[in-house]
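Let the hints inform the model, and build the full structure from the sequences given.
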Amino acid sequence: MGLSSASTATEAIKLCIFDLRRGQQEGQELDKILFFFPADLPFSTQLSVIGLSEGLITFTRIFSPEAACELIEAERHSHVFYEAEPDIWMVMIVEKNESEAIWRIAALQKVLKEVHSLFLMFHGSIRALLEKEPAGGLIRAHLHPFMMDYLRDFLFGKKLLLPSFRDCLKECGTVQMLNVSREAAIEVQSLVRLLESCAGSSPCYSLILFQDLLVSTTLSPVDTINLFTYAVLRLTPRTISSGVSSWSYLRKGSTGSSVTAGYTLAHSASVPDQYYCLPDTSPSGDNNYHVVRPLKRDRWSKAKDGFLVTDIWSAEAGSSTSATPTIWLQQTEERMYLCAYQFRSLTLILVVPVASILNGEQLVSLVKQQVLENASLKMLKVEEKLSKGWGGENAYHVSGYRYLLVDVDRNVSRASPPGKVTTLTKDQVLRTVIVKGPKVGRLFPLQFSIPKVVSLACTTTANVNEVWHKKF
Amino acid sequence: MSGKASSSQPTVRLSGSGGLSHVYIQYPPLRCNISGSRGLFYDDGNKLLHSPTSDRVFSWKTVPFSSLADPISDLISEGPILSIRYSLDEKFIAVQRSNHDIQFWHRETGETFSQRCRSESESILGFFWTDCPLCDIVFVKTSGLDFFAYNSESKLLHLVETRKLNVSWYVYTHESRLVLLASGMQCKTFNGFQLSSMGIIRLPRFEMAMAKPEADSKPVLAAEDIFIITVYGRIYCVQVDRVAMLLHLYRFYRDAVVQQGSLPIYSSRISVSVVDNVLLVHQVDAKVVILYDIFADSQAPISAPLPLLLRDLRRYNSSASQSGREDCESSEANIVSENEATIYGDDWTFLVPDLICDAANKILWKIHLDLEAISASSSEMPSVLEFLQRRKLEVKKAKQLCLAMARTVILERRPVAMVARAMDVLVTSYSHSIKMGSYLKGIKSEKALPSTATYVGSPSSAADTTASRMGVLGRSAKHESAASADSEHFNRTSTFSTSDTEENASFEPPKTNPSDIQSVDSRMDVGANVQTSSSQHHLLGASNTPLDANVSEQQEELTSPAIAPDEMYGFVFTPVEEEMVGDPSYLVAIIVEFLHSANSEKIKVHPNLYVLTIQLLARNERYTELGLFVINKILEPSKEVALQLLESGRQNIQTRKLGLDMLRQLSLHHDYVLFLVQDGYYLEALRYARKYKVNTVRPSLFLEAAYASNDSQRLAAVLRFFSDFIPGFQNTSDHNTYYRILNEMSSSIAGHCF
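Residue numbers (UniProt numbering), protein chains in the order written: chain A, 1 to 472; chain B, 1 to 754.
Every clue listed holds true.
With a straight-line Cα cutoff of 16 Å, these simulated EDC-like cross-link-like pairs (lysine to aspartate or glutamate) come out:
{"id": "1", "chain 1": "A", "residue 1": "LYS96", "chain 2": "A", "residue 2": "GLU73"}
{"id": "2", "chain 1": "A", "residue 1": "LYS368", "chain 2": "A", "residue 2": "GLU196"}
{"id": "3", "chain 1": "B", "residue 1": "LYS47", "chain 2": "B", "residue 2": "GLU175"}
{"id": "4", "chain 1": "A", "residue 1": "LYS96", "chain 2": "A", "residue 2": "GLU75"}
{"id": "5", "chain 1": "B", "residue 1": "LYS602", "chain 2": "B", "residue 2": "GLU636"}
{"id": "6", "chain 1": "A", "residue 1": "LYS14", "chain 2": "A", "residue 2": "ASP40"}
{"id": "7", "chain 1": "B", "residue 1": "LYS604", "chain 2": "A", "residue 2": "GLU183"}
{"id": "8", "chain 1": "B", "residue 1": "LYS602", "chain 2": "A", "residue 2": "GLU183"}
{"id": "9", "chain 1": "B", "residue 1": "LYS633", "chain 2": "A", "residue 2": "GLU183"}
In case anyone wonders, no lab produced these hints; they're calculated from the structure.
Written out as structure tokens, the structure reads:
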């Protein structure tokens with residue numbers, strides 16, 4: 001993420017989501033608030049934060065109607081703005097800390113973007129949910145657990161700590177790819193085609209990961225990023241076996257249990273696990289909504305047949321929808337079944353359209369059966385090939401350097417492996433950036449397409465972000 | 001669809017007798033009817049059929065097989081004839097006169113001498129000429145083998161070596177160079193010698209298995225029950241066990257004889273032939289033939305027992321107008337008489353390896369495999385392809401069938417796994433043929449013959465024949481296409497099938513290799529070639545691509561049915577892509593499988609196949625996958641691939657960039673600079689051109705592009721660049737023109753401002 005600093009102050013980070021179209025009348029200002037973290041702040045404080053943000057948005061729109069305010073740099077705080085959907089804003093307020101360097105604002109925005117994209121994938125747009133129930137109870141009931149499940153990875157006690165660039169190097173909204181040989185790549189593609197045929201005539205997509213790295217995808221770039229992000233957060237062998245997310249894994253010394261404890265402390269313990277509704281802010285607070293919480297921790301496990309199972313979706317007792325996980329594809333706006341299979345380090349995600357004659361359970365079990373029957377041998381071969389070519393966790397370490405390479409065109413990034421990132425001292429990190437530029441070509445031929453194009457007619461400006469630090 | 005058309009339709013039409021069969025004999029046979037003939041003798045060393053009369057011997061060549069072959073005749077003296085064999089250099093005629101002596105003629109000088117047994121107690125069972133360095137001729141006697149060499153000075157044979165053995169009877173075939181000598185009470189103990197050009201190898205003595213009908217009876221093995229066959233260069237012995245109703249197979253190694261299993265038989269009279277390495281077991285009483293491909297361990301028959309078919313010309317003539325040999329045949333006014341047409345008649349003798357001699361009618365048939373029927377009868381596609389890929393005789397047809405099957409299987413959208421296996425068979429076979437050198441041999445000779453014209457190998461007015469046939473054939477092709485929409489449709493998609501159909505129709509006898517083509521054949525070859533090309537012109541017109549033209553050239557030169565990746569692209573993927581409707585992702589899956597096979601065999605793939613893959617993926621807007629294909633080098637970088645990426649990238653900027661990067665990495669500086677300019681990156685292009693010394697891009701190109709952007713700053717920058725870095729640029733007309741334009745532009749801007 002390349003976030004530049006960890007914060008230690010209390011209430012260092014605030015995060016809110018609000019809708020500019022709501023609560024325009026005096027006395028109804030609370031309507032605007034769709035989500036606020038920390039939730040236990042007094043409403044007056046919440047409203048003042050949102051009021052300031054709204055004022056700035058309105059003001060800057062005069063000059064730039066298309067892209068309004070991105071950032072306020074106050075003396076002690078930075079306000080990061082992200083317009084997730086028209087008139088629906090996400091604002092993150094981070095405290096500045098004299099001793100630490102500057103936040104990378106773009107990185108913070110990408111965090112906001114990531115969480116929103118994930119929300120879209122599982123629940124659809126915020127606006128759609130608002131329109132479904134204009135009172136706002138539904139969206140709040142969805143947003144709160146979702147956001148909290150997401151933030152829980154960063155919660156330490158009551159504090160929200162975003163990892164600093166000393167803890168890890170990561171770019172949100174990109175995927176990390178595995179370098180594969182041509183032979184393995186053909187084998188993988190052969191498997192991909194085989195999987196495609198498993199769903200019969202219905203168009204089916206697949207995503208294949210090896211460890212935490214993407215090997216193949218047939219989804220559109222945007223859906224690939226979302227599903228990849230989710231897989232790394234909750235589905236890969238590492239997260240399933242250890243029960244911790246990749247973030248917690250990256251942060252040394254932190255354990256999943258303390259984080260969970262922090263969450264339960266922060267929120268009233270009386271709230272039922274599956275049915276979450278905001279106690280006070282929601283006008284229809286007495287309603288109980290069935291909310292699926294796909295980001296909930298430790299809910300995925302590997303079944304005997306190799307498929308990953310979860311009870312997240314089956315929580316909707318009595319509802320007509322099936323227990324099979326579903327997601328929305330952004331590219332095609334289709335509702336799809338999510339079906340994940342794991343074989344050793346290989347994670348395989350199949351996405352099958354819901355709109356089908358068979359009901360969900362039948363279709364998914366049919367697909368599963370097909371996969372087991374036709375593709376297991378091939379998967380074995382692919383896993384073998386990939387493991388053979390895989391240089392281990394530190395395969396992409398460049399000794400003496402820590403780096404983060406981003407290919408914006410293809411939404412691909414690569415960084416120093418987490419185990420190697422933290423080996424630098426503070427001084428070393430802060431002092432110098434020794435190289436900027438297309439150093440990449442030498443290291444990963446063709447893996448990154450770096451346009452060296454900066455010319456008069458260049459429409460895209462420097463679209464590759466790279467930071468190289470020299471170790472001393 | 002098209003595959004079906006080629007594989008089944010012509011067969012049905014051609015099988016005049018209407019029966020279903022996998023093996024056929026082709027009318028007309030070779031007629032060896034000489035008045036006063038005293039029988040027919042087959043000389044397998046020279047592949048000659050001899051028919052002696054009282055004072056002459058007439059000989060017909062049986063390879064290449066042609067019913068029009070004229071006999072050559074030699075004078076011999078009168079006397080009884082037990083057997084006749086020409087020496088391998090065809091200088092001598094050896095005639096066994098009795099059990100005790102063999103007479104020799106020198107064909108040129110007419111000199112003659114005789115060789116007799118030394119003692120009266122032994123008798124000569126037979127003899128054969130050999131190319132063994134030790135000797136020239138071997139006598140097989142009841143007391144063993146005598147090896148003789150011809151002494152050109154004394155003009156006599158002199159004994160080189162003798163092997164003492166008891167011999168009841170013997171079997172010899174020249175193609176195996178193996179003589180098996182039976183001995184013992186039951187004649188089931190065998191001694192074997194191989195007399196090859198490498199010398200004499202003595203095989204270990206072995207016994208053949210024989211079931212006993214009752215405890216105390218001992219059946220005696222007869223010479224008719226033993227066959228030596230040569231399949232895929234391996235030598236086997238086939239033994240009929242009449243009691244067990246089994247056919248035992250023995251394989252010969254240098255130092256061992258190994259029984260290789262048994263095949264069931266369904267007739268008391270059994271004969272075997274080998275056509276193109278396929279073992280044909282004739283169940284004579286049942287009048288059916290069973291085919292075995294003894295390549296792998298499997299001893300399952302290729303297909304169900306079916307009768308041997310006589311392909312009759314007359315019926316075909318009435319059903320479709322055909323030229324070629326038609327006139328010759330009709331002039332002969334031959335009809336298949338009732339007894340001639342008797343399949344598995346009592347007078348049939350099966351000659352090694354694939355001839356049938358009808359002694360009563362004095363005719364010789366050649367057995368052919370009906371590859372189309374065989375391939376149509378099995379649904380197990382990959383194994384049929386394997387079978388076809390092993391064929392050496394009708395290479396062209398096997399190849400066409402393979403291509404047609406590959407097309408069909410894709411068009412029918414069979415399961416990917418099955419098609420993958422089929423692709424693997426084809427690629428493995430190609431890789432094998434490359435390693436063995438058989439494929440390259442074909443290609444080389446093809447290149448030596450740049451156009452069809454060079455095929456006019458016949459000494460007799462070839463041009464005449466060609467011209468006259470053109471008309472007829474053009475018509476016939478037209479007639480055919482009109483007659484069946486199916487075939488027309490097929491002709492359009494592939495010229496291979498055109499030639500296929502035509503070839504069938506003209507009854508062109510199969511050829512083993514180009515060198516065998518003799519005058520008779522070459523005349524027909526011309527016909528066949530003209531036929532192909534003329535019908536191509538007829539049906540394809542101007543759209544006839546160079547690749548198609550190559551096909552007709554290649555036809556006669558093929559030595560292996562292996563299909564090169566280029567041909568897979570040209571004759572499978574391209575036609576299939578044109579015909580396929582709907583989602584192209586299936587075809588992508590097939591291509592991936594093909595690449596998989598090619599990669600595992602380390603075979604280079606035609607860049608056009610990569611281009612096709614890009615087109616297919618781009619058509620489905622699967623740009624993400626396309627990116628993965630390029631980045632992982634599944635589509636190997638080449639200029640063609642780069643240009644297609646740039647083309648397909650018009651809708652997708654990432655794809656276009658992949659194309660640009662590929663150009664740069666391939667050091668195609670000129671193209672890279674051009675595309676940079678095209679995309680509007682003038683200065684980057686200039687900087688790149690300067691760095692890599694690309695002098696081939698004209699300055700005016702940059703200037704025009706900069707001018708077209710209507711931005712005076714850009715134009716100025718470009719102009720300045722050239723003025724600074726190209727010496728003497730200021731004096732060129734380009735400079736003057738654009739300098740003036742620049743001045744006009746800036747003054748107009750200035751004027752506008754004020």
